[in-house]
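> Sequence:
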Amino acid sequence: MLGRSSFSRTGSFRPENLGPNALALIGNLCFTFFVLGVLIFTIIAATYEPEDPLFHPSTKITTFLTSKSNATFKSDDTVVRTGENFMAPNQTEFATFINMTDVVNLSEGDNTISDASDAAASSSCEGPIDCRDPEVFHLLMRATIEKFKDIHFYRFGKPVRGSDDNSCDMAWRFRPKEGKTASFYKDYRRFTILKSENCTLSVGDIGEYHTGVNARKRKKNQKPGFEKNGKKEVNSLPVVGEIVNDTLPVVESEGSFSHGKYLVYMGGGDRCKSMNHYLWSFLCALGEAQYLNRTLVMELNICLSSMYTSSNQDEEGKDFRFYFDFEHLRESASVLDAKQFWSDWEKWQKKDGLNLHLVEDFRVTPMKLNDVKDALIMRKFGSVEPDNYWYRVCEGETESVVQRPWHLIWKSRRLMDIVSAISSKLNWDYDSVHIERGEKAHNKELWPNLDADTSPNALLSTLQDKIEDGRNLYIATNEPDTSFFDPLKDKYTTHFLDEYKDLWDENSEWYFDTTKLNNGVPVEFDGYMRVSVDTEVFLRGKKQIETFNDLTNDCKDGINTCSTATS
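Letter by letter, the sequence shown follows residues 1 to 567 in the working numbering.
In short, the hints are calculated from the structure, not lab data.
There could be a bad hint or two in this list.
To be verified - 27 Å max Cα-Cα, derived BS3-like pairs, lysine-lysine:
#  : residue 1 : residue 2
1  : K501      : K491
2  : K542      : K489
3  : K543      : K516
4  : K516      : K149
5  : K543      : K491
6  : K350      : K318
7  : K180      : K380
8  : K368      : K318
9  : K425      : K180
10 : K177      : K368
11 : K318      : K351
12 : K368      : K261
Taking the hints into account, I'd like the entire structure generated from these sequences.
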């Protein structure tokens, strides 16, 4: 007994227990490794920040902007993603739309209409239709909701008299039911009111988009219309269709000018470059101005690159307001028109002792200018590219300090109104396909399959599983001869941008407004405007089919570039 090992007295080490104990030990180890693995994965998931492809580091953007690619299709190089593209739709806000039940309840609350299905009864058979009558208002709202089934309504304005005694104009704010952008739209149409022998009122006709011009602008003493739950207006979202007020800001007095602090960029190699390049540089300047808490002195006169012009030449004299929403920029940031600024500077600079601080090296960071007290900081750029590009200021250490304020740049609401008009003509119920051809289709070395994959027969084969027969199909394309797509008419009702030329011809609202903005000189609906509108209409389709990935396996930027294009 005394000579036995002490281990022999421990039951767990008896031979018959070694197997079960080993299995238990292995199980505990596996469970421990599993817990550690879950913990490590949780930490990685919580701290990992994936790269946002829309906001590459400036080195990648610089490489893109200075690329010498031979690709000639310009849609991706020309249509700039602006602030409204980055706004996430507020689903709570968009969920509170007006439906038929709300109008019925409103009618019953007013004790004017007992049944929504009954025709409205006129209070008098004699005389003109009283568009201010609540019965007429409820009638028009019900008729509108019944007719336009693919949109949600958020506000109805009170009707006003139309063109004669039997018509009324009414405006409303809306969004398409399947809208993917964070925007509201405004429409105003003319209603023809019919009166039966027993004085019953009904809607005979609803005019086309923006025909109710008398309801476009709310009158000073006009009572507000109907919004669900008394919901307040959301000013942070674009409202396409409202009257645009993009007049230039003016300094109120000599005193306010002399107490201001300003930043201006002069010269450089950014002029007449692509719109992507222009905005990348402009937003750098605007970001620095905001960082320094200064007013940006901006040149509204821009040069349009030859890549967008019918003359194939760079064209000076274009206005920033032709392409972007200056009203939103003016209300959201401190900016001044350069022409106005230099006029005031000349008048008051010497008199009020205003000093200028000159910076001629882009490597002088905004952080080093924080303590400058002079009224004006002028960044002057030389003639050597790419060191004279404005966006160089925002590279390096500045990149993490000065943020480009993308939210301040929205697309021109005049252009977006054309987009809304086209979509409305299609009742916001269409699918869309984006077909890139042009020079790419002829370049078999870089895009060997594109020509065949975008031929009419190939398109019919590919689209049959993606888009239902008989649908309205909007085709956004750079193919100059749209008859090339005629075979698609056998299955779809096809639409192209040029079908809607009346929206920018000499009789259009766009033509009138831009001519007035351009001091009486007519404005060409140029290549940038065309592709911008074409792309935005495409983006509002219920189903959207892209060329690359959806129609062809060729790479967007040429052979062997698929991985880099998405990186």
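> All hints, please: hold or fail.
Hint-by-hint comparison with the structure:
{"no.": "1", "hint": "K501 / K491", "in the structure": "25 Å, holds"}
{"no.": "2", "hint": "K542 / K489", "in the structure": "19 Å, holds"}
{"no.": "3", "hint": "K543 / K516", "in the structure": "38 Å, violated"}
{"no.": "4", "hint": "K516 / K149", "in the structure": "37 Å, violated"}
{"no.": "5", "hint": "K543 / K491", "in the structure": "16 Å, holds"}
{"no.": "6", "hint": "K350 / K318", "in the structure": "32 Å, violated"}
{"no.": "7", "hint": "K180 / K380", "in the structure": "42 Å, violated"}
{"no.": "8", "hint": "K368 / K318", "in the structure": "34 Å, violated"}
{"no.": "9", "hint": "K425 / K180", "in the structure": "19 Å, holds"}
{"no.": "10", "hint": "K177 / K368", "in the structure": "50 Å, violated"}
{"no.": "11", "hint": "K318 / K351", "in the structure": "34 Å, violated"}
{"no.": "12", "hint": "K368 / K261", "in the structure": "16 Å, holds"}
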